[in-house]
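Participant: Now for the letters of each chain:
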Amino acid sequence: MKNIPISALIGLFFTGLYFLMALFAPLIAPYGMAEVVGDVWEPSSSQFLLGTDSIGRDLLTRLIYGGRTTIFIATMATILSFTLGSVLGFFAAVSGGWVDQAISRFVDLIMSIPSLIFALVVLSVMPTTTFILILLMGLLDSTRVFRLARAVAVDITVMDYVEAARLRGEKTAWIIFREILPNALSPLIAEMGLRFIFAVLFISTLSFLGLGVQPPLADWGGIVKENKEGINYGIQAALYPAYAIATLCISINLVADWILNRTTSLKGGRG
Amino acid sequence: MHPILKLIAQRVALGLMLLFAASILIFGGTMLLPGDVAQQILGQSATPESLANMRAELGLNDPPVARYFQWLGGFLQGDLGTALTNGRDIAESLGGRLKNTLFLAFWAALISVPLAIFLGLLAVRYKDRIPDKLISAVTLTTISIPEFMIGYVLIYWVSIQMGWFSSVAIINDSMSLGQKLNAIAIPVMVLTLVVLAHMMRMTRAAILNVMQSAYIETAELKGMGMLKIIAKHAFPNAIAPIVNVVMINLAYLVVGVVVVEVVFAYPGMGQYLVDHVAKRDVPVVQACGLIFAAVYIGLNLIADIVSILANPRLRHPK
Amino acid sequence: MSEPLLKQPLLQVRGLKIGATVYPPGERPHAIEIVHGVDFDLEGGKVLGLIGESGAGKSTIGLAAMAYGRGGVEITGGEVHVNGRDILQSGLRDVRKLRGGEVTYVSQSAAASFNPAKKIMEQVTEAAIFQGKFSKKEAEARAVALFDKLGLPDPENIGERYPHQVSGGQLQRCMTALALCPEPDLVVFDEPTTALDVTTQIDVLAAIKEAIRDTGVAALYITHDLAVVAQVSDHIMVLQQGAMVEYGTTDQIINNPQEEYTQALVSVRSIAHEEKTPTDTPLLRVENITARYRGTDFDVLKDVSVDLHPGQTLAIVGESGSGKSTLARVITGLLPPSQGSITFDGRTLSPDLPTRSPEDLRELQMIYQMADTAMNPRQTVGTIIGRPLEFYFGLKGKAKQTRIQELLDEIELGDGFQDRYPAELSGGQKQRVCIARALAAKPKLIICDEVTSALDPLVADGILKLLLKLQKIEDVSYLFITHDLATVKAIADSIAVMLQGKVVRYGPKSQVLAPPFDDYTDLLLSSVPEMKLGWLEEVLAHRKMESAGN
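Read top to bottom, the protein sequences are chains A, B and C.
Under the working numbering, the residues of the first sequence are numbered 1 to 271, in order.
Under the working numbering, the residues of the second sequence are numbered 1 to 318, in order.
Under the working numbering, the residues of the third sequence are numbered 1 to 550, in order.
Note that these hints are calculated values from the structure, not bench results.
Every residue, glycine too, gets a C-beta built ideally from N, C-alpha and C.
Treat the hints with caution; some may be incorrect.
Said to hold, decoys possible - Derived lysine-lysine pairs resembling PhoX-like cross-links, with alpha carbons at most 20 Å apart:
(1) Lys-118/C - Lys-228/B
(2) Lys-133/C - Lys-228/B
(3) Lys-118/C - Lys-232/B
(4) Lys-136/C - Lys-119/C
(5) Lys-472/C - Lys-489/C
(6) Lys-544/C - Lys-209/C
(7) Lys-444/C - Lys-398/C
(8) Lys-232/B - Lys-97/C
(9) Lys-318/B - Lys-133/C
(10) Lys-6/B - Lys-127/B
(11) Lys-119/C - Lys-228/B
(12) Lys-228/B - Lys-209/C
(13) Lys-137/C - Lys-118/C
(14) Lys-119/C - Lys-232/B
(15) Lys-472/C - Lys-232/B
(16) Lys-544/C - Lys-228/B
(17) Lys-318/B - Lys-209/C
As the list claims (entries may be wrong) - Partner residues are not named here, just some residues of chain A that face chain B (Cβ under 10 Å, in silico):
(18) Pro-114
(19) Val-125
(20) Ala-238
(21) Leu-254
The whole structure should be built from the sequences, with the hints applied where relevant.
Facilitator: This is the structure we're talking about:
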């Protein structure tokens, strides 16, 4: 642990802080999520640390609950995209031949349409529930995980040690789990951080456009939408979620960078 | 036929196939998903009668394949159908908005592309030193904030606090170029910031990759100066990767436009699309979706073709 | 700048120290010294050979003559005088005048060192023109003359081609022309023939030697191959781990080496191996194999038939593209042949890997050229060697541990290696672990694919000796694939020479290596550099005579 660089420590600290806040939101938040407690856009005071929002709810409370929603959806979407993408990616790489071709071409097709546009098209006919949002984001993003997982696995399958395992007569499962996975894990975990960031940005964007999380549920993108008019009167309410997203994303980036650097070392297993 | 022409023809054919497949996906995505469009439009209180009428009007009773080819055929002839919500011709409404969107994207590209390449070069020149680290830190930040938030941060600080430029970007044909540019100044800044980071990072990586080649060392050992090496030996080999980077980021920019237009109430295609997604106006969404996909696929295709053209091995076969 | 002195040598190096920054994983980057104070002189028109194994610092020293450090390498001390000036004290402007003007460079890989986007002529003449030595016209005329002298085909027009349009051997000559074009005083040759096939190497070597002689240029010739450097240099300096071991005339170093390390280098590959006579039944019988890769319309192997007898070694010799490694893939079942059959220990082997019996898989093992990629970097040596024990024999726990240690002892590694990761081993140790992994299966046949070619000569020697010892103990057969005839002489009982997918000569070692030869075997055998002075001239004179005789 003593070898963790300072930047990664900062990243780890803030990432942990945000996740804890999300987890214990009802305990930490000073007021109820949808509770109107003050006047419209009150400035910050000892009563309302960050002031109040467009209909008089405590902004800090909204931010904490918003983080809970945003982080929950992003986490679930990342887990989905990750599991699906890496399983399919390894499967395609080890199978090769037409299986690989079929999956890869389909992924190319999905990726030929920008994710946001694709999501908008789908959301124009689907109800915007949390479940649908997670499913949509997870499926769309799994294409990127698929590409990485497949590329990493293909690089490993051409190694002589994998050939040696094949010549020994090892089963496919053994080759995937014992020869390929341990060597592919680190780049995939670093990628997981980036996918999570992407999911946070994506859900925030959708909510901002009014097509994501629906009120009265709070989420960071939605808070911006609710308070954007205030900007013109010099009220910062809409900017706080921006700062929250930025710090969370930068923190995760720092951690992902560290994991990636750490694993470019050739030294086996111990690093 | 010259092998390079054959390769390019193959890529173009592949691009068209991809576009065709994308159109099926967009059409299928809106038609075959479980949501009932008629119900969505009319709401829960609609009578069965009005629902049936609506379905007939939308052609929902025809087989999907027939509807798809009707739609695609119309699209190819410039007939994008009519909007459900106001019954207006979509092509007509889109025309001016597409122009506005391209106007915005054009200015953003004009500023961000040279700037990104310049900063990328600067980062390479001062690799691992302060300018490089500063540039990486700034890009890391801009990558970590969604476009719309960069928009509001700029509105707050530049437009409201400093009083520069307008916070809404409404333009119309009667405005002079100068007035238009003043109106879109902040949106252009936002878009520039959004693509700049990615473009600069990728440019830096592309140039570094070339600069680490053995032939650059050969040039150094010929006693050439850095500038001369970059101009004569690195540049010819870096064009392809840089063009690639630019194209990929322009494609990214096209998507970024959607959100930025909403932030600034800019009368472009992105805002039009988002409005009609909320209203569940399927024909409009399909038309916009396909146009965005076409631009995206087209830019990626150009990137591919440039890489082929720039490869000396393909240009001068054995 | 110091005063130019009379009678000073062209290149004078004093107390040269070179450092590098290393970035070990998990540690802070820190500086290490890789060359620890080296002195030597080189007079105009003479050739000095710098020889040593990997890590000896020979390339680094060569580049220091151009005041250049590659990557994180930096010259930290000492003096380097070229034509009387200390170039380490010169400004950037003077150094640029020196590079490409007074001192030029020929790299190991011309294919990477030429800019793929520019024509050869432009690159060859570039330095001569912008250093102001020649006009464009003069430089181009010089280049054409050099192309001619270096034996390049169509010297008038070859400069109009792009680098990828000529062969590797030709490009290496173009690189030599590039270095000689500005009429330098000194050329640094950095392993210029190492990447070439042996029959190409001799021609390029001869061309380089002739060009050096005719132009009267001085040269630093850097290589790991003592036999090669003996052909071109006047003096030789032997380096080991950044320090000089011995310096002398070529004659003295080759014929009368003083230091133990030099003696080892000179006597490398002098392993004596008595040829065994064939038995009645071969262990492996390859009959009329023809094979091609999927999606190609070209047979990589054409009607190949060879036998390998129990407890013996069959060497498959050939240059790149001869199909020798493909033969290994066919025998292991990775590439099913389109025709022919393979009999192993009396059984017909299934052509396809997945349908082979566990017994077949166990008895036929393989060792690879790159031990680095042949071992999973995330497994310990114990796991790597233990897996076949577990897989084939069901060994577990104590029994497995004991057997692993036995195997480690057999490959002369001993205690304390079980828990190490491959990255913690040296090149030779890695290859030994791969041998142990193969032995663990108790195989009857081990296919060795270029197992020594990535190793330094002395280390390779150790591996060959180990393989011979193990053959005696375990009575295992080797199918030994190599491009290196010296290795073949050292360990083979029978030899098959391959050319373009065909076996052109096959038989017991004594017959294959004895005249009368077919043309290709003659060319191949005579191209292997021998550790004696004047070998190159002898061969060339001999070839000239023969071609005149025809």
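Participant: Taking the hints in turn, state whether each one holds.
Facilitator: We went through each hint and held it up to the structure:
no., hint, result
1, Lys-118/C - Lys-228/B, "holds (15 Å)"
2, Lys-133/C - Lys-228/B, "holds (18 Å)"
3, Lys-118/C - Lys-232/B, "holds (9 Å)"
4, Lys-136/C - Lys-119/C, "holds (15 Å)"
5, Lys-472/C - Lys-489/C, "holds (18 Å)"
6, Lys-544/C - Lys-209/C, "holds (17 Å)"
7, Lys-444/C - Lys-398/C, "violated (26 Å)"
8, Lys-232/B - Lys-97/C, "holds (18 Å)"
9, Lys-318/B - Lys-133/C, "violated (33 Å)"
10, Lys-6/B - Lys-127/B, "violated (40 Å)"
11, Lys-119/C - Lys-228/B, "holds (17 Å)"
12, Lys-228/B - Lys-209/C, "violated (33 Å)"
13, Lys-137/C - Lys-118/C, "holds (18 Å)"
14, Lys-119/C - Lys-232/B, "holds (12 Å)"
15, Lys-472/C - Lys-232/B, "violated (61 Å)"
16, Lys-544/C - Lys-228/B, "violated (46 Å)"
17, Lys-318/B - Lys-209/C, "violated (30 Å)"
18, Pro-114, "holds (4 Å)"
19, Val-125, "holds (4 Å)"
20, Ala-238, "holds (5 Å)"
21, Leu-254, "holds (8 Å)"
In terms of the numbered hints stated before, the structure departs from hints 7, 9, 10, 12, 15, 16, 17, listed from lowest to highest.
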